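Engineer: Residues per chain, in single letters:
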Amino acid sequence: MGAFIRGIRNTFRNGIRTFSIIVILGLSIGLAMTMYLARVAVQDKINSVQGSIGNIVNISPAGARGSDGGGEPLTTDEINKVKALAHISSVTSTLTDRLASTDTNLQSAIDAGTLGQRQGQFNQRSFGGNSSNRSNTQANFTPPIQVIGSTDLNTLQSFGGGAINLTSGDKFDATSTDTVAIIGKGLADKNSLSVGSTFQAYGKALTVKGIFDSGNTFSNNLIVLPLATLQTLSSQSGQLSTAIATVDSINNLDSAVAAMKTTLGTAADVVSQQDTSSQALAPLENIKKISLLSLIGAAAAAAVIILLTMLMIVRERRREIGVLKAIGASNFSVIFQFMSEAITFTIIGAVVGLGLGIASSNSVINVLVNNASSAATPTGGGQGGGAAGQFLRFVGQSGSSLRNIHAVIGYQVIFYGLLAAILIAIIGSAFPAWLIAQVRPSEVMRAD
Amino acid sequence: MLKVKNVSRGFSSGETKVKAVNNVSFEVERGQFASIIGKSGSGKSTLLAILGALDKPTTGSIEVDGQDITKLGSSDLTRYRCQKIGFVFQGYNLIPNLSAIENVMLPMEFGHLASSKRRGRAADLLNQVGLSADKHVRRPSRLSGGEQQRVAIARALANQPKLILADEPTGNLDSQTGKMIFELLHSLARSEKTTIIAVTHDLSIAGKTDLTFKLQDGKLA
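Quick note, the sequences are listed as chains E and G, same order.
For the first sequence, this note's numbering begins at 1 and goes up steadily by one.
For the second sequence, this note's numbering begins at 1001 and goes up steadily by one.
Honestly, the hints are just simulated from the structure, not real lab data.
Treat each hint with caution, since some may be false.
Stretch by stretch, here's where chain E covers chain G in the computed footprint (C-beta under 8 Å, at least three residues) [stated by the list, open to error]:
id, segment
1, 1037-1050
2, 1062-1070
3, 1087-1094
Please read these numbers as outputs of a predicted model, since none were measured by experiment.
All C-beta atoms, glycine included, are put in the ideal place defined by N, C-alpha and C.
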């Protein structure tokens, strides 16, 4: 039996004390582990968000947003110039239109309600109605059905709806001119449409290629067509509502935005999402800082616990250390024995802590994320909603999606956790080890 | 075998300097059983600690088999204690959470004896000091005082030392058991040709040893 085994056995010399120390150590290491997992999960989320949208630039007609505002539409020629700029890796173009009840045989899945009636009254007053009567007319106003034409279905979530998750059928070739469509679930249900059904729009028959569920009522009332198809059907050839340019590297974002602004002049608003993303991610950055500080604090607490424990044990066994030295043990041998005891304490504590950390990490992360991000939740609503709100709409994620952060616990985390425990044990037992070296073997005579 | 020449050991207590051992010289031959007697505070234990390389003298030299141990470095002293010295203490000083046989195996581990040989040799030694096999695996708390001292003696013999130093080996035992332990040490000195130096208060025991040194105020009387 070597010093190492003796150290392990010594760990269990006093059952009650061992249990107490392991519980306290386990709590400290568990907290450290939770904070580490939180930090890693938050960092992954930040990287994921920054990686996906950090190099995206939104281009829209100057003065227009969605169906509101005014000005001139973007043109295919303008976007082709953007595509030709340096560092632009891709551009996705989109045209949006609205179908009135006279343009289609479909019925909107959204009832007008109070908000729709207000919009109808406003439109009537603004565009030729009787401006003196706010509560008049439009009693039968029906919200129009939004139609989107896009060159890339994969980025459709960036245009006001949720993600395109097909519940039946297939996507179409977005670069084609086919008279096909994918439609929202609400619209399909309202009009009893299924994959393969046809409906009328712009005087043409369109075939339902797929049905999607975006998770929100507004988006489920959408019709999505190939861009060229919509341009032709709606007589808007060469016209675009918005475009999204992807820059090849975040490092080239500023120069690419400047080049786009120069190319498009005052005809378009060119907005990089870098600033808004930073603001939206600020709560997560705060969590990162908090989790780092907590991680350091918990690890330091664990080291102090093991330090005090080993100090207590060394003082208690001073005579025994003297005996070991008197019968021929070297300083190294005795220190190694006590270190193995400290390491055993911390490894058992680490196992307990890992269990606690794994069990509680997701709950703790949720509490941290919800508390931190609630302070930054957009309150403006409507088209505004502050920078965070813009960002969330831009990336097509709801606030809950950004908050949806989960710790990933792999073997690597367990390995590093145990490694950290050993490091804590070594740091925590360094001073006791020095004390052990100072114990003279003659202590054993004095003790007698 | 053991030559002690002009050994002194002083301590400072505030501004007062005390010589616990004062210019002590003596020689002990191999296989002899010597006793050191004296009152409490006479320097017996200090002298024993110096002989066992647990402490260093302020002045003087101690030769064991021709080697001056006062000139050895720290690691050499550790090796010296491990290979040439066996200690028997008044309070036994066994490691409480190790069994009797594991206690005896400890010095063998420090002396780098092959692990496969340790258990057998430890069992032999325990048998030699009269501890029955069923008690080899008992922890010290489940052994009587006399049995614990037998384990301590077996532990002292583990590395076949040249010199066994015993500090009041019968001090915690009743007279009958103390006598048995003394007889055991005496027989070992003869059979193993081991030099034994024992500090004792018990004059009846001291009278039966080959040599007796009396310490008084740190000096040999």
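Engineer: What are the numbers of the hints the structure violates, in ascending order?
Structural biologist: 2
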